[in-house]
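*Asks:* Protein chains in written order, with this note's numbering: chain A, 141 to 803; chain B, 5 to 189.
Since the hints were derived computationally from the structure, they do not count as laboratory data.
Note that beta-carbon positions come from the ideal geometry of N, C-alpha and C, so glycine has one too.
Mixed in with the good hints there might be a few duds.
Estimated spans, in silico, between C-beta atoms of each pair [to be verified]:
1) A:Val471 - B:Gly22: 16 to 24 Å
2) B:Gly61 - A:Gly520: 50 to 58 Å
3) A:Leu515 - B:Met68: 31 to 39 Å
4) A:Gly520 - B:Pro47: 17 to 25 Å
Straight-line Cα separation of at most 30 Å, DSSO-like style, residue types lysine-lysine; simulated pairs [unchecked claim]:
5) B:Lys110 - B:Lys44
6) B:Lys44 - B:Lys63
7) A:Lys554 - B:Lys63
8) B:Lys44 - B:Lys118
9) B:Lys63 - A:Lys585
10) B:Lys181 - B:Lys118
11) A:Lys665 - B:Lys44
12) A:Lys585 - A:Lys657
13) A:Lys665 - B:Lys118
14) A:Lys522 - B:Lys118
15) A:Lys585 - B:Lys118
16) A:Lys657 - B:Lys110
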Amino acid sequence: MIPELGQFALALALAVALVQSVVPMLGASRGNLVWMRSAQFTALGQMVFVAGAFGALMWAFVVSDFSVRNVAENSHSLKPMLFKVAATWGSHEGSLLLWTLILTLFGAGVAVFGANIPHALRARTLSVQAWISVGFLSFMLFTSNPFDRLMAAPVDGNDLNPLLQDVGLAMHPPLLYIGYVGFSIVFSFAVAALIEGRVDAAWARWVRPWTLAAWMSLTGGIALGSWWAYYELGWGGWWFWDPVENVSFMPWLLGTALLHSAIVTEKRGAFKSWTILLAILTFSLSLLGTFIVRSGLLTSVHAFAVDPERGVYILALLALSIGGSLTLYAVRAPAMEGGGLFAPISREGGLLVNNLLLATATGTVLFGTLYPLFLEALTGDKISVGPPFYNASFVPIMLPLVFVMALGPFLTWKRADLRGVLQRLRAVAAISVIGALVVWYLVTKGPVLAVLAFGLGIWLFLAVLQEWGAKIKLFRAPLGESLRRARNLPRASHGMTLAHLGLAVCIFGFVGSSAWKEEVVVFAKPGTEVQIAGFDITFEGVEQVPGPNYMAFRGTLVVMRDGDFVQNLYPERRNYPVARSQTTESAIRHTLAGDLYAAISEPAAENTGNAWTLRILYEPLVNFIWIGSFMLVLGGALSLSDRRLRVGAPRRAKAPVAAQPAE
Amino acid sequence: MQRILVALPILAVIVLGGFFLWGLNPDRDPNAIPSALLSKPAPRFDLGPIAGVDSPGLKTEDLMAAGEPVLVNVFASWCVPCRAEHKVLTRLARDEDFPLYGINYKDRPEDARKWLEDLGNPYDRIGADESGRAGIEWGISGVPETFLVDPSGTVVWRFVGPIATEQSQDELRAALKAARGEAGS
């Protein structure tokens, strides 16, 4: 009964969305306030119905109702409760429902919190949001119904892919989707502005908090996903340039560009048509990601069950939304008047460089991701594009970005004195060069690019600190005065500092763990010893340990350093009999300096005794990646809590330095 | 000029969309790695044995000589997944009872000899392909890679990567069964 109610709620949501896609839009063009305001109620109604459907599906998973096909295929009665709940979004249909739920949540968010947005813009925005809802709700109801019944209910389910039975991964899709789908509301704002034919500083201000919220979640989602890959897959890496990783990374890159270009639109009225284009393209890339994951277009570790009918439907959705919005853009953008003028060397100029580099980087990743498809279509050859391509193309674009990023916050609007800024950064530059040379001396192996990147990381870190210190007159004024200044500084300003520092911290992690990683793979019998990065590791043997829905082989490793006992590591290899697959549970010794990482895989034949394949890695500085990502998210949150984004009318900031926006 | 510029995004998207539409062709499987050799005769090659290993060398005629389907496994001592695969192949060759032939790809004889001494030598014949020439003839995309050749010398099945998972072993058993069924009828 409850699954049928869920399906009914979905149908109702579609009906409401259909009304919302027409009435407020008409109301806005005719100036009918009642029609415009109807969007607020329909947006809430849609959210309630989709949430009801989502609840119904979750209920079916919680009580293990195997007469629902989706539950039978993705759950099992013995699975821990957390993973029964998480399995709700573990399948194609369920994750699509989550996608739609978040879409309606953002619509409802604008309905509830958008009191400062003019009625017409809000009505149009919500109508555009409803167009997207209609597309996805109908997609679900017609091709991927999550509530399909099985005529003969099986006794037990097929179990969720064991790789996905993990706390980090249970949280990864919701966070990633909030980011992905959150850009939908920015897209809706952009299309509404194009329909309205007006983009001004106020528009940029209304859009920024939504962009920031989506960007934060996407940052968190990507970081969680890569953390999961790091400790669950047992390969010891955290990023593989897999197509599906790339499609979540591209909206992030372009969303970051959007965050920065919206600042210029808000402060100076420039970059209007560019900001609109970025808003459209960022969400288009999210849609593209949804399409690639669900259509089986590219080879990836994340593939959902492939169904050509679904692929065609999403492609049609894509054509309508992306094609429609970009056509509208091509028609309306030339009419947008240019904003304030600025000299090449200025804050605007710096942000322009930021945008150009980020857009180029996005294009590079897009090209690398789709190149196998292009090549196969044109020549029939099949290839895969891997890390060497991205190391050679993406990294060199990012390095100048990091260099400019350190300078940007020092530049003033309209016209800046680059020579003066460089002079102020002389000490920072000197320390960075010395730091890089010291690193080079300490780590003789590894590519030169790594040393350069590390030096740039130091440069960014120190320059950001100096800029923050200058703003609060740290060490130039009494400590009390500095504290008072720090308190008075807008939170957006602290947010920018924290996020930029976070990126510098990430860079240390990226460089350390990819360029200076050590790896040993041995065929281990009890008593086998391995030396790596100053550790002496002894393999003691393997025992069988039962789990709730799996059987684990647990290896014991004794880790010693300089003859002293450090700790034991227990990597596991788990067998899931129902799902007929295995997972690797790596054992990791976390320290700030680096992780000692161990994974085992079983002997393939019983007769060869107790020899296991043992893989041990030392990943220097890898934890800096997660710390830095956390700082990025926290910086975004700080900036989001700035009162400037909550007050309605645009206000002139009084203190000249206090007008720093967050980035 | 600006009109052309603002129309660029939509034009790019239309081109992309064309590729996507092509890519949705239901007969297309992006995971399948095509082999020019599948259902075709195995290539001509003639490899000597690895110095210091008892197994004799391998040439095209040997593939047909057994009178039953044979498995040709391309391996190397420097290849980590080959270690994982080695025991599976050892066990499968024993349990399923098929001749297992090896091509030792771009390897130093002393390394290969030590590897086989450490792990055991399940191969009935091993050809030493130090130059990698035979690997090119077979069209391998990496190591390990495995081919099933039927008694007429036709390549009937190919697997890229280590045969270690349950799934790949099932696939091999199925291919073996099919090849034997045909030979018997």
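*Asks:* With reference to the structure, classify each hint as holding or not holding.
*Replies:* Status of the hints after comparison with the structure:
1. Hint check: A:Val471 to B:Gly22, Cβ distance near 22 Å, so the stated range 16 to 24 Å holds.
2. Distance hint check: the CB atoms of B:Gly61 and A:Gly520 are about 35 Å apart, inconsistent with the given range 50 to 58 Å.
3. Between A:Leu515 and B:Met68, the C-beta spacing of about 37 Å keeps the proposed range 31 to 39 Å intact.
4. Between A:Gly520 and B:Pro47 the beta carbon distance is about 21 Å. The supplied range of 17 to 25 Å therefore holds.
5. Taking the CA atoms of B:Lys110 and B:Lys44, the gap is near 25 Å; set against the 30 Å cutoff, the hint holds.
6. The straight-line distance between the Cα atoms of B:Lys44 and B:Lys63 is roughly 17 Å, inside the 30 Å bound, and the hint therefore holds.
7. Distance restraint check for A:Lys554 and B:Lys63: the Cα-Cα separation of roughly 76 Å exceeds the 30 Å cut-off, and the hinted pair is therefore not satisfied.
8. Using a Cα cut-off of 30 Å, the hinted pair B:Lys44 and B:Lys118 is violated, with the two alpha carbons roughly 35 Å apart.
9. Of the pairs offered as hints, the one joining B:Lys63 and A:Lys585 is violated, with about 43 Å between alpha carbons and a cut-off of 30 Å exceeded.
10. For a cut-off of 30 Å, the pair hint linking B:Lys181 to B:Lys118 is broken: about 34 Å separates their Cα positions.
11. For the suggested pair A:Lys665 and B:Lys44, the alpha carbons sit about 43 Å apart, so the restraint of at most 30 Å is broken.
12. Between the alpha carbons of A:Lys585 and A:Lys657 the distance comes to roughly 10 Å, so the proposed pair stays at or under 30 Å and holds.
13. A threshold of 30 Å between alpha carbons decides the hint, and for A:Lys665 with B:Lys118 the separation of about 17 Å falls inside it, so the pair holds.
14. Of the supplied pair hints, the one linking A:Lys522 and B:Lys118 is violated, its CA atoms being roughly 36 Å apart against a limit of 30 Å.
15. A hinted pair counts as satisfied when its Cα atoms are at most 30 Å apart, and A:Lys585 with B:Lys118 qualifies at roughly 29 Å.
16. In summary, the hint linking A:Lys657 to B:Lys110 is supported, as the alpha carbons are separated by about 26 Å, within the 30 Å threshold.
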